[in-house]
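If you read the protein sequences in the order shown, they are chains A and B. Taking the working numbering, the leading residue of the first sequence gets 1, the next gets one more, and so forth. Taking the working numbering, the leading residue of the second sequence gets 1, the next gets one more, and so forth.
Hints were generated in silico from the structure; no laboratory data involved. Treat the numbers as computed from the prediction; the structure is a model and nothing was measured. Possibly wrong hints are sitting among the right ones.
Repeated chains share a single entry, so a pair holds when one copy, or any two copies, can fit it.
[Unchecked claim] Derived EDC-like pairs: lysine to aspartate or glutamate, alpha-carbon spacing no greater than 20 Å straight-line:
(1) Lys-93 / Glu-267
(2) Lys-30 / Asp-285
(3) Lys-124 / Glu-242
(4) Lys-73 / Glu-38
(5) Lys-93 / Asp-285
(6) Lys-18 / Glu-143
(7) Lys-73 / Glu-294
(8) Lys-30 / Glu-294
(9) Lys-93 / Glu-294
(10) Lys-18 / Asp-99
(11) Lys-105 / Glu-219
(12) Lys-93 / Glu-52
(13) Lys-73 / Glu-280
Protein chains: 2
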Amino acid sequence: MECVPNFSEGRDMAKIEKIVESFRAKPDVKLLDYSNDEDHNRLVVTVVGEPEALKKSIIEAIGCAVQLIDLNKHAGQHPRMGAVDVVPFIPIKGCTMEDAVALSKEVAREVSFRYNLPVFLYEKSASAPHRENLAAIRKGEFEGMAEKIKQPEWKPDFGPVERHATAGAVAIGARMPLVAYNVNLGTNKLDIAIDIAKKIRFIGGGLRYCKAMGVDLRERGIVQVSINMTDYTHTALYRAFELVRVEARRYGVPVIGSEIIGLVPMEALIDTASYYLGLENFSIDQVLESRIME
Amino acid sequence: MECVPNFSEGRDMAKIEKIVESFRAKPDVKLLDYSNDEDHNRLVVTVVGEPEALKKSIIEAIGCAVQLIDLNKHAGQHPRMGAVDVVPFIPIKGCTMEDAVALSKEVAREVSFRYNLPVFLYEKSASAPHRENLAAIRKGEFEGMAEKIKQPEWKPDFGPVERHATAGAVAIGARMPLVAYNVNLGTNKLDIAIDIAKKIRFIGGGLRYCKAMGVDLRERGIVQVSINMTDYTHTALYRAFELVRVEARRYGVPVIGSEIIGLVPMEALIDTASYYLGLENFSIDQVLESRIME
């Protein structure tokens, strides 16, 4: 199982190291990456492990962050509602989404009890459709949560019906792996990237598991369609890429390349290779590394 | 490290199981696959492991095969010169070609001594250029080896200068992973597949690490360019695919798909995806599974 918890501390390295310490040198848990952003004042950790071992270390890290971080003194560019803002569990090799949902609920129950923390279940773990989207839960942020949490439709799924005085509230849930994927266009006209982004994304009538926006890469003198693929198993990477190309034709603008930010599951790229080579009867079990991991 | 030993027994399941047994339930060794072919009368095993552990189990399997297989009574379609015909070591994740060469020589020395077996080093481990190609070493097969081995240019690298009475001789060496890759054409004209194969392969002036031949898929009513990619890190999979397409244009014949036979290293397909998506600054370390394996 993979977990990518977000903590509201991106500046104080001593505190950051203490939180990350919860994932180091633990049996069956492997810290893959952590990066703090000073502007966002936020820490994002990527960790994988056996479900039980991962659960223990996540609970420990949440306890650590609740103790160290005071949201009353927190300012940063990224919206946040808690010392631990969001804890997504992501099923990888050998785990199902059901496993991830179950694990997220176990962690939610345990941390609400141990740290007296209100918890909202979100995404695939959500208890109601209006709680699936993290942005909807977090709207109003830490400051607004004091009142919002008392409304019946925003009663937490676990823990007290009251904002934690310093640690706010946390969203915990299960989701598919996100792939951050950008397609670069051979023009400096931001309007074109924005227009293409609107057409390919779900809310604009585009691909179901695709979020997108236009971004200006001023230094390179080009623009970019910046994409979040929210379920690459249903909306393939190559489909987004080819659709950007299709839409760019309208402007006579070439697609000059693309980039993957951060980690990407092997399957997303193997599916892409398989499409372009027109592979017949190919199975992921034919990939050497996939067999070794088994 | 990976090893793909070939044994000259494809029919007697009791003997096959005894040989394969050497790779089962050994610490740090994982049997990935084994398949016996009755027509070829040959067994191909795929095994991965930590170098030292792999070495021990390979030496055991060779001893087992030398004891069980008598080449004087062996007949099959596949050329062979020994009870253990060929033992290639293939460096994978974390191992270098130098490691594989070193390991192949250790195994060669040990089995020549233990089982009184003549050993030829081949491919990257070869002691002279005329010994790189397995087909050149094996020419004349078991039957011809009795005389061939006495010629100075075919003196074995290890062991007696004499064919083993029942087990013949063995080739041991290090090589890149082979990818068996076929491209299907939308025609039933075998001539076209043969012609394209000749143009794309190394000996015909084509790609350096590419062997190819034309094959008739009579049941499907199509033909195929059947390819062995002998070093996908230097001759990329997509390059062979696109070159077949380029050559097929001359005949107005469409490429209708392709297929990978057996195992393929993750990197070969990720490189392909990266090419078609035009990925900028992409590193294999961004692949989640690659990080987990580390």
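Going down the list of hints, with the structure as the test:
1. Both within a single protomer and between protomers do Lys-93 and Glu-267 lie at most 20 Å apart by alpha-carbon distance, with minima of 10 Å and 18 Å respectively.
2. For the identical chains of this complex, Lys-30 and Asp-285 are inter-copy neighbours only, at 15 Å across copies versus 24 Å inside a copy, given an alpha-carbon limit of 20 Å.
3. For the homomeric pair Lys-124 and Glu-242, neither the shortest alpha-carbon distance inside one copy (28 Å) nor that between copies (41 Å) is at most 20 Å.
4. Only within a single protomer do Lys-73 and Glu-38 lie at most 20 Å apart by alpha-carbon distance; the minimum there is 15 Å, versus 75 Å between protomers.
5. Taking CA atoms no more than 20 Å apart as the test, Lys-93 paired with Asp-285 passes in both settings, with 12 Å inside one copy and 17 Å between copies.
6. Proximity of Lys-18 and Glu-143 under a CA criterion of 20 Å is satisfied in neither setting, with 26 Å inside one chain copy and 70 Å between copies.
7. For a Cα distance limit of 20 Å, the shortest separation of Lys-73 from Glu-294 qualifies neither inside one copy, at 46 Å, nor across copies, at 39 Å.
8. In the homo-oligomer, the alpha carbons of Lys-30 and Glu-294 lie at most 20 Å apart both inside one protomer (17 Å) and across protomers (10 Å), since each shortest distance falls under that limit.
9. In the homo-oligomer, the alpha carbons of Lys-93 and Glu-294 lie at most 20 Å apart both inside one protomer (8 Å) and across protomers (15 Å), since each shortest distance falls under that limit.
10. Taking the shortest Cα distances, Lys-18 and Asp-99 never come within 20 Å of each other, neither inside one copy (29 Å) nor across copies (39 Å).
11. With identical chains, the CA atoms of Lys-105 and Glu-219 are never at most 20 Å apart, being 45 Å at best within one copy and 53 Å at best between copies.
12. For the homomeric pair Lys-93 and Glu-52, the shortest alpha-carbon distance inside one copy (16 Å) is at most 20 Å, but the shortest distance between copies (28 Å) is not.
13. In this homomeric assembly, Lys-73 and Glu-280 never come within 20 Å of each other (Cα to Cα): the closest approach is 57 Å inside a single copy and 39 Å across copies.
Going through the hint list in order, the structure does not satisfy hints 3, 6, 7, 10, 11, 13.
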